[in-house]
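Trainee: Position chain G against the provided structure of chain Z, taking the given hints into account.
Given next are the chains, with one letter for each unit.
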Amino acid sequence: MDAQVATTERPAAAPVSDITAVETYVAPRSLAEALELLRAGDVTILAGGTDLMPQSKTGKARFQRMLMNIQRMHELRGITEEKNFVRFGALTTITELLDSAMVKSRFRALWESADHFASDQLRNAATIGGNICNASPAGDTLVPLIVFNARVVLARKKDAAVATRTLPLSEFFVAPGRTQRQPSELLTAVEVPLPPNDFVSEYFKFGTRPALDISTIAIGLGAVRSGDRLTDVRLAFGALAPTPIRAPKTEAALNGKPLVDAIEAALAAAELEINPISDIRASAWYRRELVHNLLRRMLDRVGKH
Amino acid sequence: MSVSIDISFKLNGVNVRTKVTPGMSALEMLRDELQLTGTKYGCGEGECGACTINVDGQSLNSCLLFAADCDGREIVTIEGLATDARAEALKKSFVNSGAVQCGFCTPGFVVQAWHMLGKTQHPTPDQIRRGIEGNLCRCTGYKKIVEAIADAGALLS
Numbered sequence: 011m012d013a014q015v016a017t018t019e020r021p022a023a024a025p026v027s028d029i030t031a032v033e034t035y036v037a038p039r040s041l042a043e044a045l046e047l048l049r050a051g052d053v054t055i056l057a058g059g060t061d062l063m064p065q066s067k068t069g070k071a072r073f074q075r076m077l078m079n080i081q082r083m084h085e086l087r088g089i090t091e092e093k094n095f096v097r098f099g100a101l102t103t104i105t106e107l108l109d110s111a112m113v114k115s116r117f118r119a120l121w122e123s124a125d126h127f128a129s130d131q132l133r134n135a136a137t138i139g140g141n142i143c144n145a146s147p148a149g150d151t152l153v154p155l156i157v158f159n160a161r162v163v164l165a166r167k168k169d170a171a172v173a174t175r176t177l178p179l180s181e182f183f184v185a186p187g188r189t190q191r192q193p194s195e196l197l198t199a200v201e202v203p204l205p206p207n208d209f210v211s212e213y214f215k216f217g218t219r220p221a222l223d224i225s226t227i228a229i230g231l232g233a234v235r236s237g238d239r240l241t242d243v244r245l246a247f248g249a250l251a252p253t254p255i256r257a258p259k260t261e262a263a264l265n266g267k268p269l270v271d272a273i274e275a276a277l278a279a280a281e282l283e284i285n286p287i288s289d290i291r292a293s294a295w296y297r298r299e300l301v302h303n304l305l306r307r308m309l310d311r312v313g314k315h
Numbered sequence: 000m001s002v003s004i005d006i007s008f009k010l011n012g013v014n015v016r017t018k019v020t021p022g023m024s025a026l027e028m029l030r031d032e033l034q035l036t037g038t039k040y041g042c043g044e045g046e047c048g049a050c051t052i053n054v055d056g057q058s059l060n061s062c063l064l065f066a067a068d069c070d071g072r073e074i075v076t077i078e079g080l081a082t083d084a085r086a087e088a089l090k091k092s093f094v095n096s097g098a099v100q101c102g103f104c105t106p107g108f109v110v111q112a113w114h115m116l117g118k119t120q121h122p123t124p125d126q127i128r129r130g131i132e133g134n135l136c137r138c139t140g141y142k143k144i145v146e147a148i149a150d151a152g153a154l155l156s
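Protein chains in written order, with my numbering: chain Z, 11 to 315; chain G, 0 to 156.
Simulated from the structure, these hints should not be mistaken for lab results.
One or more hints might be untrue.
As the list claims (entries may be wrong) - On the chain Z side, residues computed to face chain G include the following (Cβ under 7 Å):
id, residue
1, VAL32
2, THR60
3, SER66
4, GLY69
5, LEU77
6, GLN131
7, LEU132
All C-beta atoms, glycine included, are put in the ideal place defined by N, C-alpha and C.
Pulled out of the complex, with its shape left as it was, chain Z reads as follows (with noise of 0.2 Å):
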């Protein structure tokens, strides 16, 4: 056991340490009773583990004095329908998602998403919830569930109550890796508004090969047609800036208009809202002429129909 004393003075923010740095492993099985051990603080999360394990093995994760199982909390699964909106347990995993004809036909671009999700090994165990808040700029269903409206519910312990948040997952992101979560909480839900009926929904991700690759650039767009123009028009960029983001310029400058004149100006405001770095995937440079090119196709593709 590591010799580390626990003080009133320790600061909020633990050191950095390894797996090795784990005292305690727990699998609470209900939202009470993991809410309990998030408000005692120190705790490291684990759900779908996907990321979490190749994190813990080249010391990218940092991990707390308690290692928190929540795969056995059921409250946590499962697809439910209410009456405007959709709710996704946060152990709902990519499986769950491709698997669903609702999500197929209301939520079109989330599913394409789950189909472009690595491989079927790792869609059976990776989580949504996990994919949000391991918060990578270019986590797979972040860009999508952006497009639909969607929205975070995060649970703590309030005295005796349990208290709950909900925040748009577009104003989720802080920066890689960084969330809007506090430590005592715990993200339960998402929860994704049905668009129209009559809303179309791509998504666009560019890699080098399709099965197991991280998004080079992605692209949700979602929109309701009328005649020559788009109406509630929806654009969301991954992999472009330090978060996933909506591109509300880009949106406004398409809204309403006539599609065949509206895409130059798109294109320019497009440009000026994403901010993409060069990593080992591709240049910034190439990234724009990316967003520049496949933004351009999915508009003319949304508006041929």
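Mentor: Only chain G this time, still in chain Z's reference frame:
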């Protein structure tokens, strides 16, 4: 020194109890603690599928699964498929098609194909290719493996 966690689960139909550490993967537990070395360590990061096992009816990369998370679950490894009919068909068809060269990726492919044929008995070549997209073979290429899986499906009917 790290904390030790007691877990118990069903492994290839038999109840087992063991002790694991928080950072241990299911793959390390199977190979190093339980001496089941049929499941292979390829990349250690979910890219190659050599470590594929079946957990509660789902195929997973055991290198990405926390050993502690095996507690209470039902796990099947390549060793557990020795007398299974679907695995028997796969074994025959892998041999007949010459879908094995060095053999290192084979347990992963067989466990994944076994899972796939459980869901869809007669997968199309496209479905097979999608099903094994998480498994890499660096020797033979995939043509014979895809053929073998299709043949196994046919053998079973």
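Trainee: Any CB of chain G closer than 7 Å to the CB of Z/GLN131?
Mentor: holds, 5 Å
Trainee: Any CB of chain G closer than 7 Å to the CB of Z/GLY69?
Mentor: Not OK, violated: Z/GLY69 not within 7 Å of chain G, min 11 Å.
Trainee: Please verify that hint: Z/SER66, Cβ, nearest Cβ of chain G, below 7 Å or not.
Mentor: holds, 5 Å
Trainee: Can Z/LEU77 be said to touch chain G, with a Cβ gap under 7 Å?
Mentor: holds, 5 Å
Trainee: Return the status of the interface hint for Z/LEU132: holds when the least beta-carbon distance to chain G is below 7 Å, violated otherwise.
Mentor: With a minimum Cβ separation of about 6 Å from chain G (threshold 7 Å), the hint on Z/LEU132 holds.
Trainee: Let's test the interface hint: is any C-beta of chain G closer than 7 Å to that of Z/VAL32?
Mentor: Cβ of Z/VAL32 sits 4 Å from chain G, so the hint holds.
Trainee: So, Z/THR60 near chain G? Judge it on the closest CB pair being under 7 Å.
Mentor: This hint holds: Z/THR60 lies near chain G, its Cβ roughly 5 Å from the closest one there, short of 7 Å.
In this structure, the one hint that does not hold is number 4.
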